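Here the protein sequences come in this chain order: A and B. At position 51 of the first sequence the residue is numbered 51 (the numbering used here), and the sequence of numbers has no breaks. At position 85 of the second sequence the residue is numbered 85 (the numbering used here), and the sequence of numbers has no breaks.
Please note that a few of the clues may not be correct.
As the list claims (entries may be wrong) - What follows is a set of in silico ranges between Cβ atoms, one per label pair, in the way DEER data are often shown: (1) 38/A x 94/B: 19 to 27 Å; (2) 75/A x 46/B: 18 to 26 Å; (3) 69/B x 110/A: 40 to 48 Å; (4) 70/B x 12/A: 24 to 32 Å; (5) 63/A x 41/B: 23 to 31 Å.
As the list claims (entries may be wrong) - Each computed DSSO-like pair below joins lysine-lysine, with the alpha-carbon atoms no more than 30 Å apart: (6) 56/B x 57/A; (7) 42/B x 99/B; (8) 57/A x 71/B; (9) 68/B x 57/A; (10) 11/A x 70/A; (11) 99/B x 68/B.
FYI, nobody ran anything at the bench for these hints, they're computed from the structure. Predicted model, so just to flag it, every value in this text is computed and none were measured. From the three backbone atoms N, C-alpha and C, an ideal C-beta is built for every residue, glycine too.
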Amino acid sequence: DAGITQSPRYKITETGRQVTLMCHQTWSHSYMFWYRQDLGHGLRLIYYSAAADITDKGEVPDGYVVSRSKTENFPLTLESATRSQTSVYFCASSGRVGDTQYFGPGTRLTVL
Amino acid sequence: GESVGLHLPTLSVQEGDNSIINCAYSNSASDYFIWYKQESGKGPQFIIDIRSNMDKRQGQRVTVLLNKTVKHLSLQIAATQPGDSAVYFCAEKNAAGNKLTFGGGTRVLVKP
Chain A
1 DAGITQSPRY KITETGRQVT LMCHQTWSHS YMFWYRQDLG HGLRLIYYSA AADITDKGEV
61 PDGYVVSRSK TENFPLTLES ATRSQTSVYF CASSGRVGDT QYFGPGTRLT VL
Chain B
1 GESVGLHLPT LSVQEGDNSI INCAYSNSAS DYFIWYKQES GKGPQFIIDI RSNMDKRQGQ
61 RVTVLLNKTV KHLSLQIAAT QPGDSAVYFC AEKNAAGNKL TFGGGTRVLV KP
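Produce the complete structure using the sequences and hints provided.
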């Protein structure tokens, strides 16, 4: 049972480049989420999705794009990476509204 | 591994003692609360949850207490073990949606 996985686990990129972080879950959960975790800010919601082809902004969506063409995948794209997007990114999923969210192992992204 | 934070409140506990981690939440409309544990290099892991119609819930070695009057949540860990060393986050969900708002986290260090 793979659960929820993220790739890559570590990524270094340069300012202005496009970067895509992948998230895959095997539970057929309807809801998927992207968070970033920074010193002094805890976990902040970037985007979430209630189902395939349905996405909504979270607390800090600027500079990010998401898509959800398949229920099991929820990629996060930084179209033009900035240094302020250096962070640890976590993907999460839950089965229904109000259910517990289960987190992936995270991706550490460094933007030089 | 993925960093969680260098300036978190820290609770140092002797192995075998009980730990109490506190969390204040802000939204009186929140109806669901979760405690997560995050070990170094890993994503947040679900520990226990509680709905707003309860004031106490027990799991294996853990108890969550909810005081809605003062908007306070606590996590009690019985007989703290070295494996309990981690950062603990509380999260609240507003009745209006499926989004979680996370607290800043508390680092628990277990001394042998």
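Right, here's what the structure says about each hint:
no.: 1; hint: 38/A x 94/B: 19 to 27 Å; in the structure: holds (22 Å)
no.: 2; hint: 75/A x 46/B: 18 to 26 Å; in the structure: holds (24 Å)
no.: 3; hint: 69/B x 110/A: 40 to 48 Å; in the structure: holds (45 Å)
no.: 4; hint: 70/B x 12/A: 24 to 32 Å; in the structure: violated (45 Å)
no.: 5; hint: 63/A x 41/B: 23 to 31 Å; in the structure: holds (26 Å)
no.: 6; hint: 56/B x 57/A; in the structure: violated (33 Å)
no.: 7; hint: 42/B x 99/B; in the structure: holds (21 Å)
no.: 8; hint: 57/A x 71/B; in the structure: holds (27 Å)
no.: 9; hint: 68/B x 57/A; in the structure: holds (29 Å)
no.: 10; hint: 11/A x 70/A; in the structure: holds (24 Å)
no.: 11; hint: 99/B x 68/B; in the structure: holds (20 Å)
Violated hints, in rising order: 4 and 6; the structure is consistent with all others.
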